[in-house]
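Asker: Each chain, written out:
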Amino acid sequence: MKIEPKISEDILLDEVTSKEYKYGFTTNIESEKIEKGLNEDVIKFISKKKNEPDWMLDFRLEAFKVWKEMEEPDWANINYPKPDYQDIVYYCAPKQKKKLNSLDDLDPEMKRTFDRLGISIDEQKRLANVAVDIVMDSVSVATSFKEKLAELGIIFCPISEAIQKYPELVKKYIGTVIPVRDNFFSALNSAVFSDGSFCYIPKGTECPMELSTYFRINEAGTGQFERTLVIAEEGSYVSYLEGCTAPMRDENQLHAAVVELVAQDSAEIKYSTVQNWYPGDKNGKGGVFNFVTKRGICHDNAKISWTQVETGSAVTWKYPSCVLKGKNSIGEFFSVAVTNNFQQADTGTKMVHLGENSKSTIIAKGICAGKSNGSYRGLVKIAKGAKNSRNFSQCDSLLMGDKCGSHTFPYIEVDNKSSKVEHEATTSKIGEDQLFYCNQRGIGTEEAVALIVNGYCKEVLNKLPMEFAVEAKKLLEISLEGSVG
Amino acid sequence: MLIEEIKKYVINTDLSSTQKKSLNYFLENGFPTTKDEDWKYTSLKKVLKRKYCLKSSDFELNDEMIQQYSLGFKHKLIFKNGKIFSEPKISGVSIKQTSDLCMPKNSTLCYLNEAICKNTYEIKFDKNLNLDNPIEILHFINNNNDYFLQLRTKITCGSGSNVKLVERFCNIGKNTLINSCMHADVKRNSFFEISKLQSYNDNTHTIDNTLIDQDRDSTANVHTFSFDGSFIRNNLNFYQNNENCTSNMNGITIIDKSNFVDHHTFVDHKFQNCLSNESYKGVYFDNTKGVFNGKIMVRPDAQKINAFQSNNNLLFSDSASIKTKPQLEIYADDVKCSHGCTIGQIDKKSLFYMRSRGFSEKTAKGLLTFAFLIEVIEKLNTKEIVDYAKTEIAKKLSIEKDLL
Amino acid sequence: MLEIINLKAQIEDKTILNGVNLKVNKGEVHAIMGPNGSGKSTLSSVIAGNEDYEVSSGSITYEGDDLLEMAPEERSHRGVFLSFQYPVEIPGLSVSNFIKTAINEKRKAFGQENISAKELLQLFKEKCELLNIDKEYLSRSLNEGFSGGEKKRNEIFQMAMMEPKLSILDETDSGLDIDALKIVANGVNSLKSSSNSIILITHYQRLLNYIVPDFVHILKDGKIVMSGDKSLAHKLEKEGYSFLN
Ligand SMILES: Nc1ncnc2c1ncn2[C@@H]1O[C@H](COP(=O)(O)OP(=O)(O)O)[C@@H](O)[C@H]1O
Ligand SMILES: [Mg+2]
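Residue numbers (this note's numbering), protein chains in the order written: chain A, 115 to 599; chain B, 88 to 491; chain C, 4 to 248.
Keep in mind that the hints are not guaranteed to be accurate.
Think about it this way: if two alpha-carbon atoms lie no more than 30 Å apart in a straight line, the pair counts; the simulated DSS-like pairs of lysine-lysine are [claimed, not checked]:
| hint | chain 1 | residue 1 | chain 2 | residue 2 |
| --- | --- | --- | --- | --- |
| 1 | B | Lys167 | A | Lys587 |
| 2 | B | Lys391 | A | Lys572 |
| 3 | B | Lys423 | C | Lys154 |
| 4 | A | Lys534 | B | Lys435 |
| 5 | B | Lys357 | A | Lys498 |
| 6 | B | Lys449 | A | Lys464 |
| 7 | C | Lys138 | C | Lys223 |
| 8 | A | Lys439 | B | Lys423 |
| 9 | C | Lys17 | B | Lys357 |
| 10 | A | Lys473 | B | Lys391 |
| 11 | A | Lys498 | B | Lys435 |
| 12 | B | Lys122 | B | Lys192 |
| 13 | A | Lys587 | A | Lys517 |
| 14 | B | Lys376 | A | Lys441 |
Label-pair ranges, simulated between beta-carbon atoms [stated by the list, open to error]:
| hint | chain 1 | residue 1 | chain 2 | residue 2 | range |
| --- | --- | --- | --- | --- | --- |
| 15 | A | Asp188 | B | Asp373 | 35 to 43 Å |
| 16 | A | Pro322 | C | Gly152 | 26 to 34 Å |
| 17 | C | Glu116 | A | Asp188 | 53 to 61 Å |
| 18 | B | Lys423 | C | Pro38 | 28 to 36 Å |
| 19 | A | Asp198 | B | Lys127 | 38 to 46 Å |
| 20 | A | Val584 | B | Lys127 | 37 to 45 Å |
Hints listed in this document are in silico derivations from the structure and should not be mistaken for laboratory results. Cβ atoms here follow ideal geometry from the backbone N, Cα and C, with glycine treated the same way.
Produce the entire structure from the sequences given, and follow the hints as far as they go.
Answerer: What follows is the structure, encoded as structure tokens:
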């Protein structure tokens with residue numbers, strides 16, 4: 115783990131840190147909270163708090179109207195108590211977690227996980243919300259990155275800031291890839307989103323560094339209804355990292371994020387996610403419900419690739435998708451989804467081919483252990499006009515233990531004859547013979563499982579940026595701890 | 088509309104209590120719609136729009152017609168508008184009509200069938216009976232009006248028996264919607280095979296429900312050939328109720344015009360050490376539409392299951408479309424399951440290679456398509472059926488049968 | 004080094020080893036021959052600690068300790084190496100990564116530091132040369148897509164890397180052509196020393212021309228029915244197993 119942030123920011127950071135100093139790390143946040151429940155007044159309040167322009171408020175109100183008429187989906191292969199949407203607080207000022215005085219106060223289990231992930235002491239402190247002044251260092255480092263990006267005309271800031279500073283850009287693109295009425299959760303998010311990231315890469319620009327929300331200090335507290343918008347103009351390139359390998363404890367039960375990507379002609383966006391929200395305890399109590407809508411649109415010759423490693427959350431419902439609108443556009447999806455104990459995951463992707471010669475690749479690897487259930491649900495749709503399009507999908511499941519379940523639901527729809535679609539899926543288990551072979555070479559069972567799992571996931575892990583990949587591997591090991599033997 | 092017709096029809100009929108229950112269930116739930124996950128891609132709307140009557144009218148059936156439609160098997164079981172016309176006399180085989188027969192169901196159509204089917208038959212094969220020749224089941228249909236026909240058959244294969252059936256339809260009348268329910272009870276260590284030869288005419292719409300219960304050490308094979316008929320929906324379910332069962336499904340679909348074929352298969356692996364093998368191949372011309380949904384379920388504790396499924400399709404027209412959903416639901420860990428699915432065209436290089444050797448495009452395409460299907464054909468072990476398949480395939484591909 | 008006394012083992016109520024006695028001293032090479040299904044692989048599996056087989060009676064002592072008490076990986080750390088008759092494939096896991104992990108696990112067990120990259124590379128180079136192995140193959144997935152011969156050579160390569168005290172080679176020669184056999188035999192011979200021991204399980208006397216055993220045992224129906232020196236192997240080759248009757 116590198117201590118220095120790859121990219122950080124920003125005005126909010128200054129605000130937060132200076133506030134902290136001012137109030138000596140205790141902020142009275144109660145006054146900033148509103149009553150539970152969702153109605154127009156709440157939405158108006160949120161919008162006002164954020165000092166949003168009228169069009170943004172209208173967007174939210176319209177979304178709310180739509181949402182009220184929608185029903186929460188229940189076709190996914192998951193069971194969970196439906197949240198009571200009137201029992202949620204929809205606005206909280208950037209919330210300060212309880213400060214710890216030192217790492218000794220940290221939950222020992224959490225500390226152990228940090229250590230195993232190889233996270234530096236300083237970074238641990240930051241993640242665990244131990245008061246540190248390393249933040250001050252980040253500011254300076256961040257500033258230099260920020261300057262460099264600014265030189266290139268790249269914008270990377272919280273979406274709330276973008277709404278203020280670049281309203282035309284946000285207005286032009288928000289809700290265009292994922293329409294408000296796309297689904298229940300996207301409508302909800304559109305009505306009440308708290309904050310998120312905005313990223314704009316100008317024409318012909320290759321973003322020189324990986325943009326990462328991980329190192330953004332203002333990440334904490336924006337969680338619940340995050341909204342992300344990435345726009346890559348013609349011929350540009352950006353690699354965007356989202357998430358965190360460290361365990362994220364969060365009181366918010368429900369997460370409903372929306373991520374929209376726009377890849378203009380010949381642009382390329384690489385979007386990598388490591389998701390490790392709190393999965394609940396060994397008995398299935400607690401944990402985050404993660405309902406995310408992610409979609410990107412590819413214009414001519416553009417490419418979007420989604421890479422994800424999902425180990426967290428009690429319930430995950432997530433299908434990063436590509437609309438391959440342009441000629442020769444390319445969509446990719448590489449995923450590892452691990453479920454253990456009582457976790458449930460229903461994930462996959464949708465590749466919608468509209469443009470000629472569009473290509474898509476799907477590699478989905480599911481690993482199920484304990485009493486968990488993992489499902490792959492995917493759609494490959496080749497429209498009539500998408501001549502000579504191609505798709506290759508491979509969905510594999512690895513089962514560990516005899517109480518888990520693995521399911522594959524690939525929907526394939528082809529409407530023209532010049533296209534080619536191939537789909538393969540396998541389900542198998544970690545074999546006793548494989549484990550014994552490793553044991554005989556002196557490799558203990560846990561270690562052997564890790565080796566086999568890493569081998570199984572290699573194709574996906576290789577797609578992650580280097581340092582992310584290393585952490586992701588360790589994360590897999592930790593997630594599967596104690597699931598065999 | 089059809090629902091009204093059904094209501095009218097039952098007023099004058101005596102229904103048993105189970106039939107009444109089934110009828111109520113059907114009336115409450117109605118015909119499946121595209122909102123049902125299992126009917127997502129298959130709309131009955133158009134099919135149900137016609138004004139069908141439920142009463143059959145009589146017609147003359149003679150030997151000549153039978154000869155014309157038979158594939159020439161020794162044993163023939165002949166139905167006329169769903170009623171037995173003649174039956175083979177084979178020792179160890181009993182065929183009888185019953186009035187009230189409860190069978191497993193997989194959609195509201197089975198409930199409807201249970202409620203209103205007048206001609207329900209039970210066919211029993213004795214223990215250890217080894218049928219020397221397949222029984223050819225021929226259905227002749229002819230009605231003065233558009234007709235909604237119910238067929239209902241229960242087959243019991245006694246333990247250790249070996250039974251092969253071939254089923255074929257001939258509609259010489261008006262528009263007909265067939266709702267057929269067949270339940271096979273395949274007892275211990277027996278072997279059951281049915282070949283469904285679906286060469287209907289354009290006036291025929293079919294919903295075929297075949298449910299197979301298997302006991303220990305049994306094998307059940309179903310071969311489905313879908314060549315003609317404006318609307319075909321096949322629901323094929325296997326329930327493996329004990330250890331060491333084998334279920335094989337093979338399908339060849341070649342359709343043209345605006346025809347529609349939907350194969351929904353389901354294998355329920357409930358016990359250990361079982362096997363299922365599924366291979367469906369489809370070739371789509373013109374404005375056709377194909378649907379394939381293959382579901383494999385492995386229940387908890389059903390260890391050592393091997394389940395293989397493949398669905399391969401060739402699209403020969405830009406107006407043809409295919410929706411496929413191979414589906415695995417697995418709740419046990421010591422299993423080996425795989426499915427593969429492809430949609431594509433004939434390999435251009437092979438086509439060019441053959442043409443440069445002097446083959447006409449039509450012949451080259453035909454042979455390559457046949458090569459694509461051969462894997463399924465090789466699994467057939469009855470000469471007459473291989474012959475039938477080749478004849479129909481040659482017709483569809485407009486090549487000489489001798490080439491195959 | 005190794006002493007097996009009256010070992011009986013079974014799988015799912017089927018008795019396979021029916022009272023095996025065997026004593027192997029430091030520096031010795033023992034060959035075990037016997038017809039198919041006589042229990043040779045079972046014996047090697049039991050020594051290595053495969054839990055599929057249940058030891059119903061008897062004992063195995065290794066360097067004075069009860070081997071049956073140890074977990075398979077512990078036996079490995081203590082220097083027991085089994086070259087599998089059917090090596091396992093692990094897709095996606097490279098040969099080099101696998102071996103590195105194996106070496107480091109052993110070091111960890113003895114409280115030693117991980118092997119340095121330099122040392123490891125040096126070792127790879129040396130052993131690759133010894134067994135005539137192209138270095139490129141180190142980055143291939145473990146045994147995946149390997150030919151039979153490659154798999155066996157990979158087993159001996161691992162043996163060379165791990166420097167075991169007791170090596171059991173279960174039909175490592177089967178399916179090898181003569182050139183590959185010579186390479187493997189050379190490898191084994193160069194690893195042989197006065198401080199380690201080898202058990203060769205084989206069907207064919209041919210291997211014994213290259214690796215000369217001190218003792219030859221014949222296993223039949225789960226028992227060692229005859230022991231002798233290398234001439235026994237010749238006799239076997241000539242007359243087949245029938246002379247035992
Ligand atoms: N996993 C197993 N399950 C059941 N039987 C086994 C198993 N492994 C070995 N056997 C049986 O044990 C006997 C000895 O096998 P094995 O040790 O492989 O013999 P060899 O290596 O001498 O050819 C054979 O009869 C074989 O069928
Ligand atoms: Mg053996």
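Asker: Each hint should be assessed against the structure and marked as holding or not.
Answerer: Structure-based check of each hint:
no. : hint                            : result
1   : B:Lys167 x A:Lys587             : violated (67 Å)
2   : B:Lys391 x A:Lys572             : holds (27 Å)
3   : B:Lys423 x C:Lys154             : holds (24 Å)
4   : A:Lys534 x B:Lys435             : holds (12 Å)
5   : B:Lys357 x A:Lys498             : violated (41 Å)
6   : B:Lys449 x A:Lys464             : violated (37 Å)
7   : C:Lys138 x C:Lys223             : violated (41 Å)
8   : A:Lys439 x B:Lys423             : violated (38 Å)
9   : C:Lys17 x B:Lys357              : holds (28 Å)
10  : A:Lys473 x B:Lys391             : violated (37 Å)
11  : A:Lys498 x B:Lys435             : holds (20 Å)
12  : B:Lys122 x B:Lys192             : holds (19 Å)
13  : A:Lys587 x A:Lys517             : holds (24 Å)
14  : B:Lys376 x A:Lys441             : holds (26 Å)
15  : A:Asp188 x B:Asp373: 35 to 43 Å : holds (39 Å)
16  : A:Pro322 x C:Gly152: 26 to 34 Å : violated (49 Å)
17  : C:Glu116 x A:Asp188: 53 to 61 Å : holds (55 Å)
18  : B:Lys423 x C:Pro38: 28 to 36 Å  : holds (31 Å)
19  : A:Asp198 x B:Lys127: 38 to 46 Å : violated (30 Å)
20  : A:Val584 x B:Lys127: 37 to 45 Å : holds (43 Å)
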